[in-house]
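> Chain by chain, the residues run as shown.
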Amino acid sequence: MPPDARSAAREVRELRGEIRHWRRSRANASLGQAISDAYIGVLAFVMLGSMLVNTLIGVAGLSEEHCTSQGCRDARGLLPWVVAGATLVVLWALARTFGPVYAAPSVAYWLMETPLDRGVLLRGRLRLLVAAFALAAAAVAAGAALLAGFGAGSTVAFALLVAGAAASGIALAVLGQSSTRNPVLVLAGLALAGTWGSLLALTLHRAPELERPQSAPAWWWLLGGVLTALAVVAGLAARRLTRRLRRRDIVRGGTLVPGLGGALANLDLALTYDVLLAYRWRSRGSARSRRGGPSGAAALIWTDLIRIARSPVWLVLLAAAVVVPYAAQTAGAERVVVIVVAGCGFLAGLPFLSALRVLTRTAGVARQFPTSLGATRGAALAVPAILLGCFGLACVPAVHRAVDVPWSTALLLALAAAAGGLASGVRWVTGRPPDYGRPLITSPAGAVPTNLYGSALRGFDILLLTTAPMLLAPSDGGAAGSLVISAIVLAYLANRK
Amino acid sequence: MSAKQAAKKQPVLEVSGLVKRFGEHTVLSDVGFEVRAGRAAVLVGPNGSGKTTVLRCVTGADPADEGEVSIGGEPYDDRSPSIRSAMAVVMDDIDFFPDLTVVEHLDLYARAHRVPNADALVDDVLREVGLFAQAAQLPGSLSSGQRRRLALAGAFVRPRRLLILDEPEQRLDEEGLEWLITRLQREKREGLAILFASHSPRLVEALADDVIALGGAS
Chain A
1 MPPDARSAAR EVRELRGEIR HWRRSRANAS LGQAISDAYI GVLAFVMLGS
51 MLVNTLIGVA GLSEEHCTSQ GCRDARGLLP WVVAGATLVV LWALARTFGP
101 VYAAPSVAYW LMETPLDRGV LLRGRLRLLV AAFALAAAAV AAGAALLAGF
151 GAGSTVAFAL LVAGAAASGI ALAVLGQSST RNPVLVLAGL ALAGTWGSLL
201 ALTLHRAPEL ERPQSAPAWW WLLGGVLTAL AVVAGLAARR LTRRLRRRDI
251 VRGGTLVPGL GGALANLDLA LTYDVLLAYR WRSRGSARSR RGGPSGAAAL
301 IWTDLIRIAR SPVWLVLLAA AVVVPYAAQT AGAERVVVIV VAGCGFLAGL
351 PFLSALRVLT RTAGVARQFP TSLGATRGAA LAVPAILLGC FGLACVPAVH
401 RAVDVPWSTA LLLALAAAAG GLASGVRWVT GRPPDYGRPL ITSPAGAVPT
451 NLYGSALRGF DILLLTTAPM LLAPSDGGAA GSLVISAIVL AYLANRK
Chain B
1 MSAKQAAKKQ PVLEVSGLVK RFGEHTVLSD VGFEVRAGRA AVLVGPNGSG
51 KTTVLRCVTG ADPADEGEVS IGGEPYDDRS PSIRSAMAVV MDDIDFFPDL
101 TVVEHLDLYA RAHRVPNADA LVDDVLREVG LFAQAAQLPG SLSSGQRRRL
151 ALAGAFVRPR RLLILDEPEQ RLDEEGLEWL ITRLQREKRE GLAILFASHS
201 PRLVEALADD VIALGGAS
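Residue numbers (UniProt numbering), protein chains in the order written: chain A, 1 to 497; chain B, 1 to 218.
Read the hints as simulated data drawn from the structure, not as lab findings. Each residue gets a CB set at the ideal place from its N, CA and C atoms; glycine is no exception. Honestly, I wouldn't trust all of these hints.
Partial list, computed: chain A residues near chain B (C-beta under 10 Å) [to be verified]:
#, residue
1, His66
2, Arg243
3, Ala265
4, Ser283
5, Arg284
6, Gly293
7, Ile306
8, Ser311
9, Pro312
10, Leu359
11, Pro370
12, Thr371
13, Ser372
14, Ala379
15, Ala382
16, Ala385
Derived Cβ-Cβ restraints for the label pairs, each shown as a range [stated by the list, open to error]:
#, chain 1, residue 1, chain 2, residue 2, range
17, A, Arg248, B, Gly48, 35 to 45 Å
18, A, Leu276, B, Glu128, 54 to 64 Å
19, B, Arg79, A, Ala34, 50 to 60 Å
20, B, Phe132, A, Arg282, 30 to 40 Å
21, B, Arg202, A, Pro183, 53 to 63 Å
22, B, Arg114, A, Leu276, 40 to 50 Å
23, A, Leu94, B, Arg127, 36 to 46 Å
24, B, Leu177, A, Ala480, 56 to 66 Å
25, A, Ala480, B, Arg127, 27 to 37 Å
Excised from the complex, chain A in its bound form (with noise of 0.2 Å):
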């Protein structure tokens, strides 16, 4: 190491020292006491992650038993490569959002500004992060294999393989975080079409039966070979690159992290939405305006049909979300389908409720309009009751082939299944933040008002609430109750103040 170098590295591992002094002067709590919540986490870790284990080893070992049409033993073959796809789709996702390589504002404002070699800083975040996101993808790559039958051998393959993947991507992602047409958002895009297409391929019984090997095939230990290697090869590159990362590439991401830290510790997903969604729309500056359109309260309906133009992508999302009970249709499941209806049509319809929650959030725009806030949230809520109504439609086939009933009652059922999904996705985007004038409970994380847990449920407690009675009786009776109690949610959800 040259000389420079060497001395650079020394003040920064100075001021790490400052800093660790700094909070440990403020520590709080025994050694005893951290040793003994030491022991009771790690403890935790395993008692938790064995139940999990085995409670996949049993799934398994019962899909095994009742797991015998072609379209099951299909879906089960691929099941692990279509979870590992949507892992890193996600994964990689979230890696572009963040940067990969950022650092909070404080940091970025303090330590930045410091002549200080910014590499050396940053390095041990680049390395904790490509560590960080290999580990995940490989607990649910693991998991997934073993959900689907595989040995213990070709599940620590398969992990290894995923996990290769995930940290190649990383680093290639570190390696173009300056540009703006980042290599990885071509890797997510390529691994959502594989996802996807897979799918599609399955509902229409041309997936191949994948085998589901005890012991993993000699190419996939070679594959994860390479692309550990080049997860290791690009990993040098980024971290030499890390010195040369401009402060404005490091922060763009950075600045998330007070908002959606704050938005996380309490639970509240919708503000982790808005801030998401401030975020993006806040990056892109400006667009084409439009001007025009119709009066009264259709001028708000008009406006989400300038959202769709702008964003179409969320349209396409939502029109790819249909091959989703098809598939599961093709697995085998039966009434459970129209659970998946409205699981796809609460996740994919969200996008389309942003004027819902803006007029939920704060009463500054709501009170700019001449209708009672109902009626104004009843017009924010006309496009995505129509897109999750053709969703609706477009699934009405599957749950027609699941269920084994008329027509006209598949019908009503998924056009029921899409109304709770809708419900579903207001009750998420209209949910309050934790209050913290209630009365507090107790917790091991201090004292946390009691709608604090019960906010992380949000939205889904409506999607069983709305689908037990199709559930109960996949009939024209169970439709209708199912449509009766969306109707009284969206009713109330849309007029509370």
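With the hints as your guide, set chain B onto chain A.
The following block gives chain B in isolation, referenced to the frame of chain A:
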């Protein structure tokens, strides 16, 4: 007396016996006032004296524990379309659709109120508030002062008989404050009733016909 003069005699906003408590703490105790057309009333007082609370009770954002509020002789009801059309409000809780541009926001508000010649009015207001060059920008990319101007512009592209503003001078530069004073004076001349809270002596001096002192303010 002409019909216009008679209308001016009628209070646009009447508040009587307003009481607001937060737990044991009484913030407002028997507050009452009225604002007539063509006049401006200002709420003054130190921080925590209840200025924003009065405005929140008047606009229905917070329910008052006691007291009555009526707009144009009609008891306040935030579901009433006539009251919602009559009352333009700019409070502290400024918010925007993150994915609509500056001009699309104003266009939306004007069209929601069925304002005739909405395009021309929106362009005029945009020029007046100094946001014409930022018409295609998204709110997230505006400075805090520009966001305040956009919020104020939203109140001027819609029909109104009563304008309620909470510390409208906040974040405005000198030029912005000058514009605001001129604009509000014009609004008063055109018969609008204005209720605002302010810490700006200049704004109070230039606009206020009636001063409502809270929390022991003189």
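> Hint numbers the structure violates, sorted upward?
Failing hints, ascending: 1, 2, 3, 9, 15, 16, 18, 20, 22, 25.
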